[in-house]
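Visitor: All chains, please: the whole structure from these sequences, using the hints.
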Amino acid sequence: MKLTMATLVWLVSSTLLLLILGSTSLPKAYAMPPPSPVNCDATGCKLHNSYGVWNDRKECWVQNVIYPTTEEELRFAVAEANRRKLKVKIITGFSHTIPKLACPGNELSKNSVLISTAKYNSGIKVDVKSLTVTADSGVGLRDLINKVEEAGLSLVASPYWEGVSIGGLISTGAHGSSWWGKGGAVHDHVVGLSLVVPAKETEGYAKVIHLDSRNQIFNAAKVSLGLLGAISKVKLSLEPGCKRSITNVYNNDSHFEDEFMDLAKKHEFADIIWNPSKHAVIYRQDDRVPLNSSGDGINDYLGFQSNLILISKTVRSSEKALETSRSVNGKCLMANTVVGYKKLVANGLKNNNLLFTGYPVVGRQGKMQTSGSCLYSSASNTLSTCAWDPRIKGLFFYETTAIFPASKFRNFIQDVKKLRDLKPEHFCGVDIYNGFLIRFIKASDAYLGQPEDSVVVDFNYYRANEASTPRLNQDIWEEVEQIAFFKHGAKPHWAKNRNLAFLGVQQKYPNFCKFLAAKKQLDPENMFSSYWSDKIIFGNETEKAEGCAMEGMCICSEDKHCNPSKGYFCKPGIVYNQAKSTLKFIFFPTLSLLASATRMMNLTMASFVWLVSCLWLLMLGSTFIPKAYAMPPQSPVKCDATGCILRSAYGVLNDRKECWVPKTIYPTTEEELRLAVADANQKKLKVKIVTGSSHSIPKLACPGTKSTQNSVLISTAKYNSGIQVDVGSLTVTADSGVGLRDLINKVEEAGLSLVTSPYWEGLSIGGVISTGAHGSSWWGKGGAVHDHVVGLRLVVPANESEGYAKIIQLDSRDQNFNAAKVSLGMLGAISKVQLSLEPGFKRSITNIYNSDSHFEDEFMDLAQKHEFADITWYPSKRTTIYRQDDRVPLNSSGNGINDYFPFQSFLVVTSTAARSSEEVQEATRNVYGKCRMADTVVGFMKLIANGLRNKNLGFTGYPVVGRQGKMQTSGQPEDSVVVQFNYYRANEALTPRLNQDVWEEVEQIAFFKYGARPHWAKNRNLAFLGVQQKYPHFGKFLEAKKQLDPENMFSSDWSDEIIYGNEAAKGEGCAMEGLCICSEDKHCNPSKGYLCKPGIVYNEARVCRFSAS
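Counting from 1 along the sequence shown, just add 2 to a position and that's the residue number in this note's numbering.
For the record, the hints were derived by calculation from the structure and aren't laboratory data. In this text, a Cβ means the ideal position worked out from N, Cα and C, and glycines have one as well. Wrong hints could be hidden among the right ones.
[Unchecked claim] Restricting the straight-line Cα-Cα distance to at most 20 Å, the calculated cross-link-like pairs of lysine to aspartate or glutamate (EDC-like) are:
| hint | residue 1 | residue 2 |
| --- | --- | --- |
| 1 | K968 | E869 |
| 2 | K127 | D255 |
| 3 | K1038 | E1059 |
| 4 | K419 | D859 |
| 5 | K209 | E73 |
| 6 | K498 | E61 |
| 7 | K1011 | E858 |
| 8 | K420 | D255 |
| 9 | K121 | E82 |
| 10 | K237 | D447 |
| 11 | K1084 | E1070 |
| 12 | K498 | E401 |
| 13 | K879 | E860 |
| 14 | K823 | E672 |
| 15 | K268 | E454 |
| 16 | K237 | E151 |
| 17 | K1044 | D1055 |
| 18 | K1068 | D1083 |
[Claimed, not checked] Here are the in silico distance ranges between beta carbons for each label pair:
| hint | residue 1 | residue 2 | range |
| --- | --- | --- | --- |
| 19 | G54 | P512 | 32 to 38 Å |
| 20 | Q416 | Q1031 | 37 to 43 Å |
| 21 | H212 | Q65 | 29 to 35 Å |
| 22 | N984 | S723 | 30 to 36 Å |
| 23 | G54 | P877 | 50 to 56 Å |
| 24 | M862 | E454 | 28 to 34 Å |
| 25 | E920 | K659 | 21 to 27 Å |
| 26 | F1036 | S919 | 42 to 48 Å |
| 27 | K953 | L505 | 34 to 40 Å |
| 28 | G54 | Q416 | 34 to 40 Å |
| 29 | E454 | P566 | 40 to 46 Å |
| 30 | Y378 | K127 | 22 to 28 Å |
| 31 | P292 | D43 | 51 to 57 Å |
| 32 | N66 | E454 | 40 to 46 Å |
Guide: See the structure below:
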């Protein structure tokens, strides 16, 4: 269904307007009543609920249905069934129970019978003196209420829908809303009942027993689910007649989780409707008022009025079209129209039995407490009916009802708000129906009632015509469902819900065993039990089948329980990670993704096409050009006849000065490495170890002093062949120069995995260890690679008798082991590293895009819930990306890779153009241009999932699942959080940078206000000021250095400056590149308007800020 927005507005608005007119203006004589729940023919009978379909969509077949009209006929029907050893279920004339509780047989057996109370409905006796009413089980709620009101009395509690029998509503715990008096549950107003139960042959196979509060099994019978016997008569307490006064108050939902209890305590019949997509709540201030109060209003709830069949079918078709086209916006438009119109007509409240004219609406209790006008119609009419009538293909939906202890309800709302705040539009589907209806019921003595004051939440949402058809945002509703029933332990309403809601239900009722004891006493042969009702009452999960999670028959644990063929996979919840929901992934590229990117970038379509074309060229250069055409990174060491120059991978060290050494040695074995160290020691040379990558930004690896030339470099670039995997001990031992990618590949070939690694794989294993390189995890041994080291070999200086150098073996038994695990190359030359491994596994990654409004309160929860979680924060976009990254079994479906986009190869012309563009923006001080560039990058990175690929070709949707070795990498004293951010560096040291004062202040806030520790291999020099005071074991590290390298052979002026955190002498312009913190204007660049100023947020900071003057 491809509609323009204008057409969609017209369609939805017109349809809903007609719906309202059809609901409110047609005479009731023109509406047909609901169908009978039982249809019989010569072969037998089929039982349906009022929606026409059971949870499992399978029919309930029985041989026969019996319709008693008196208590004796009811007793005789039970007796006959008992004599013939038949299974029995009692049904009513309505059958509004959603679970298959009322089906007596299993799928194969035929030894069952239904007994319907539809015609056992004439007896209603009101006792004005005792304030009670006694009714036959089949009496309809409306008939009972009318009889009670005629006697000048009122039934205090009732459900909101009046299309139920008095026996049916007692059996299933039906309720209204109240914490006052006896509460809102009807069974708590029962003072007596008669029950027909099986009996011995001498007692006529069945007998009638009378129960009241003096009987020990009375509390079992008040909510019996039809499992104890057939309710014959019910006696309810009444109160003197009263009126109700209702006013709906419309609020925002910002604090309603803190206000619901006050509302329930102040107003006797209060309830709340929460429209989460609208951030709105409706507080129903509903109170008892005297009978002589002015007003003759009625509650003719809009959803329970008759609708033209044409309108009901059109609304269903419209919603189905929105589902098929995955139109979230269309759903929200539909929800806006519904919510707005309901407010206009007060949801069906009428002041004078015709129209709503204003609040409060005051009327007799019997006309205000319940409704259902679509029930009362002529069978000959074919124009209108209840909107969900299964004969007309009208509304078709799920109804989830969760009952919370009042003390836990606040936490549930907060969790749902967290989920809602990620994507409010995903909640529009529930607001099309009735939002979240929140009611209150009081603590009950009934064994299957609520043991404490409770809050009931009902919400309805779209159900597809076919079981396997996915639903828009179905993962959201599955997660809400599981948050309710499993995280917060809500109890399911016995007559509603999908099957999964009942899992483990018996553990939620402290008197469940007492109920079973009563059942054993009254129905010892389980005559009133069935395969279906046992599944519900005992809360056991059925065997999981393909697609079972699509309709709540199970909770998915494998993708096949969802619908993989249509892109729906089993994934963890977003807010409640223990939830498992069926999540849709959209294949790339799609128009919806492009439209999303367009909105994010705020571009005209022409500009968007141009930018995307450029970005596609960029990605083509990254993805499809053969590797043979991409230049590898240059060597960090360049030598000629005069000596060698060492650079970092970026070509420039922090101070922009070259690191010159006379010579570089390339050992290929451990012994050659030892000889190189020995020779340097004998010659009293300064030594630094470098790798084939040299990604350390500070000048740690420069061996010479600032004035002398007595130094040498030893490179491990060619000491890189030894990798030994020990499957038995779950370890790998590698030469120091082995590349991280080579090590990971070898480990994965052995069926094992290295649990952690840095995100960039262009490192040697010795370099990784030396500088504290890490991935991201608080789980297990954590995300730092050095914490997975179980042993290492170190070449250290020795005396002449030991050959000037020796190899020492270190592990956890050695006192120097912890110093050597992160040594910055200052203790000696790492020769070999032994790392712990784990059995092979896969990773599953899903990126969740959120606003950043609360992420400072959420990061710890993310890290605790997801093993390899990380966060990308785009402050200018007020956006965070939560990487939900978890270990999954090796047999999980998926062959994805993490080919992080910035680590891919780029066309040289593209990289040059990008740098030139940024230089122009800096030179012209074009903040807007920077923001546009950022919008483009952020939008495109989202579009391609930052380089994640599902099948080694392209990104097709989340989650991306792949082997640990392909997902973990690409191209501290306490648990810590690592923050990394990159920003523009000018070609010339003294060239100012746009907004450089902001980044200098952020840097100083981190390292000096909050005492963050710098990553040893990154950062500008100022980050290391005072660093030794930040490490409680720094003294122990120095002791180990003194023991292993007493002559400081592996130290240098440069590394000492970093490790001891001493500030160098301040020169002019030193603050422009972070070599110092400015204290005078000359440390910045006054000639270009950059002066030393205090920070804006952190006043103690000193930053170089541009002054227009």
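Visitor: Confirm or reject the claim that F1036 and S919 have a C-beta distance inside 42 to 48 Å.
Guide: 44 Å, holds
Visitor: Decide if the proposed pair is consistent with the structure: K127 and D255, CA atoms, cutoff 20 Å inclusive.
Guide: 45 Å, violated
Visitor: Indicate whether the distance between the beta carbons of E920 and K659 respects the range 21 to 27 Å.
Guide: Between E920 and K659, where Cβ atoms are some 25 Å apart, the hint holds.
Visitor: Between N984 and S723, does the C-beta distance stay in 30 to 36 Å?
Guide: 34 Å, holds
Visitor: Q416 and Q1031, beta-carbon distance inside 37 to 43 Å?
Guide: For Q416 and Q1031 the Cβ distance comes to about 40 Å; the hint holds.
Visitor: For the pair supplied as a hint, K237 and E151, is the alpha-carbon distance within the 20 Å limit?
Guide: Holds, at about 16 Å.
Visitor: For the pair supplied as a hint, K1084 and E1070, is the alpha-carbon distance within the 20 Å limit?
Guide: 5 Å, holds
Visitor: Take the C-alpha atoms of K823 and E672, compute the straight-line distance between them, and say whether it is at most 20 Å.
Guide: 19 Å, holds
Visitor: Given a hint of 40 to 46 Å, does the C-beta separation of E454 and P566 actually sit inside it?
Guide: Since E454 and P566 have Cβ atoms about 42 Å apart, the given range 40 to 46 Å holds.
Visitor: Is 22 to 28 Å a correct range for the gap between the Cβ atoms of Y378 and K127?
Guide: Holds: the Cβ-Cβ distance is about 24 Å, inside 22 to 28 Å.
Visitor: Between K953 and L505, does the beta-carbon spacing fit 34 to 40 Å?
Guide: Given range 34 to 40 Å: holds, Cβ gap about 35 Å.
Visitor: Compare the distance between the alpha carbons of K209 and E73 with 20 Å, and conclude whether the hinted pair is satisfied.
Guide: 10 Å, holds
Of the hints listed earlier, the one the structure fails to meet is number 2.
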